[in-house]
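From just these sequences and the hints, can you work out the full model?
Residue numbers (my numbering), protein chains in the order written: chain L, 1 to 278; chain U, 1 to 337.
Quick caveat, the hints were computed from the structure, so don't treat them as lab data. As the structure is a computational prediction, the values presented were derived from the model and not from experiment. Just so you know, not all the hints are guaranteed correct.
Listed next, the stretches of chain U that the computed footprint assigns to chain L, with coverage defined by at least 3 CB atoms under 8 Å from CB atoms of chain L [stated by the list, open to error]:
{"no.": "1", "region": "54-62"}
{"no.": "2", "region": "115-127"}
{"no.": "3", "region": "135-142"}
{"no.": "4", "region": "162-175"}
{"no.": "5", "region": "203-216"}
From the structure, some residues in chain U lie toward chain L, with a derived Cβ separation under 8 Å [unchecked claim]:
{"no.": "6", "residue": "Ser65"}
{"no.": "7", "residue": "Trp157"}
{"no.": "8", "residue": "Thr288"}
{"no.": "9", "residue": "Ser297"}
Glycine included, each C-beta is placed from N, C-alpha and C at the ideal position.
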Amino acid sequence: MIGKETTAGRAAKFTFLGLWLVFSLFPLYWITVTSLKDPGDIFSFPISYWPERFSLENYRGLFGKADFGTYLVNSLVVSTVAGAVATAISTLSAYVLARFEFRSKSALLMAFLVTQMIPSFIALGPLYLLMTDLRLVDNRLGLMLVYIAVCIPFCTVMLRGFFENVPDALEEAAMIDGLSRLGALIKVLLPVMRPGIVAAFIFNFVNCWNELFLSVTLMNSDENRTVPTALNGFISSFNIDWGSMSAAAVLTILPTMVLFAFASRHIVQGLTAGAVKG
Amino acid sequence: MSGTSTPTPGVTGAPSVRKEGAPPRAGGGRRREFTTRRGLVITAFMAPAAVFVALFTYYPMIAGSQMAFRNWNLTDLTDTSWVGMRNFREVFTDPAWGTVLGNTALWVVGSIVPQLVIGFALALWLRRRFRLRGLYQALIFFPWAISGFLIGILFRWMFNSEFGVVNDLLQKAGLVDEPVAWLADPDTAMIAVLVANVWYGVTFFAIMILAALQSIPDELYEAAALDGAGKARTLFRITIPYIRVTLVLTVLLRVIWIFNFPDLIFGMTGGGPNDETHIVTTWMIKITQQGDYGKASALGLLVVAVLLVFATFFLTATRERGGGRGARKGGKRGVRA
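Structure representation (C-alpha cells):
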C-alpha cells in the first residue's frame, strides 16, 4: 500500500535497522560484560568481548564493601511511593483538564509546561532551606514529597491524553445511575484506563529511580542515599573503579528495563498523545 | 485537540437536582447549582497537584530567581544584599562564557540534527509491518529507560582511552592507528558526548514521527503512485508536508529538553577537560557547587528566558495545528505495534 518495495530497498532497510539495533543495544551489552568479568580482566589487553573468566566478584563487592543493598531499598521505596502518589494526584488533575473547560485552564497547563523548562539547579538552594524548615532534609519522606511534585506536570499531561481517548458517555451513564463524579472516575473510568495508568506509574517510577541532583542535595547521610547518588559517589574519587561501577550500573538499569519492556507500548502511546500537545 | 470533549451542562449535574414541578424560572437556579458543583469538582481535583507544584517547584524556583540579584554566596552568608545586575555581568565577563555558549549551541544542534535524520529514517522503515516489528520497537526503546547521568557513565567507559571498546573497534577496523584519548581533548570529548546523546535521543524522534506517519491516509500514496511520482518526490511532496507540524513541534520540544539536559555531560566528562565541555546547565552545576548561588541563579534565569522564547514558538505552532491538516482524525491514536 505504501508503494512496492524492491529487493534492494528491503535489503537496505533491514541492514540499516539491524545496524541501529546493534548500536542501540551494544552499550548495554558492554556494561553487562564488563560487570561479569573478573576484576583483574577488566583492565587487560587485548580487550575481550566476552567474560573469559566469568565472575560475580564485582557484584559481591557492591554488597560487601559498599552498602548497595540499602541504596537499592531506598530507591525502591522512594520511587514506588512517590510514583504511586504522583499518579493518583495526576489522575485527578488530568481528568479535570480533559473533561472541563474553565478560565484558568490554559494558565494551569502553561504553569505545568514551564516546570519542564526550569533548570532544577535554580531551585536547589531554596528547596534545601525549605526542607530544613520542614525538618525533612535527609529524610525519605522529604525526598518523596519533592519527587511527587516533579512527576505531576508531565504525568498530568500524559494521562490527560489517555482520558481524551475515553468517551465521556461512560462516566455520564454511571453518574445517572447515581454514582458521584469521583465514584464514576474510580469505578468506571479507571478500569478502562488501566494500561495508561500503569504506564504513567512506570514512567514516574523510572523518573524517580533515575533522579540524581535533588537526591544528592537532600540526602546527606550514607544510609539514606539512593542509587544514583551512590553511583555519583563512585566517580567523585579521581579514579573510577569500573568493576564496581559496571555492576552497580547493571543493577540500576535492570529494573527500569524490565518495567519498560512490560509497558513500552503504553508509554509510547502516552508520549505521543501527551508530549506533542504540550 | 480533536478529542477534547466538553460535558454538556444538562448531563454534568447530579440527578439529585432534578426536581419535579419546579417553576420555569428555577432553570436559572439549577444552572447556578451546576456551576458551583462544577467549580467545586474542578477545584477539589486540581488542588493536590497545584499545591505540590506550587510548594516544591514554584516556591523554590521563585526564591531561587531572586538570588540572581543578590550577593548570595555559601562561602559568606553574612552579606546577602541586593547587587542589581552584578551576577549577570559576572556571567557575561567570565572567560569561560564564550566556550560555554559555543558548546551549548553545538550540543543542541549537533544532537538534534542526527537525531532527527536517523529518527526519520527509522520511522519510514518501521512504517510497513514486518515480523517482530513490535519486538524491534521495544528493543530500540530501551535507552529511554536509562538516566542521562548513567548514559554518560556507560559511554565514559566505552570511550576510555586505554581500555575503551570504541578505540578497540576503531583500531580493528583500521580507522585509527593508535588509541584516541577521546575525553582528554575538548574537541573529541564533544564528539563523544554528542554520540552518546544521539544514541539516547533517536528513539524519541522515531516514535513521534512514526505516529504521525501512521496518520497519513494510504489514498494519498496511492494517488501519488498513479501519477507516477517517484520515491523522493513522494517523500518531499506528500510525507514531509503532511507531518510538518509534528516535525516542528518535536524539534522544538527536544530543543527545550536538550538545552536543559546537563545529566549526560555531567556523568560523562563532568565538564572537563579543563572545563571545556561545559554547556550552560553543567556550568551552572559547577558554579552552584562552588557556592556562588547568585551567579548560578543568574545563569538559570538566562536559560529560562531563552527557553520561554522557544516555548512561545512551541505554543504558537500548537495552535496552528488545531485546524491544520496535521490534525489527526479520531483523536490521538499513538503507535500501534
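- Taking the numbered hints from earlier one at a time, note which ones the structure violates and give those numbers from smallest to largest. Per hint list: zero violations.
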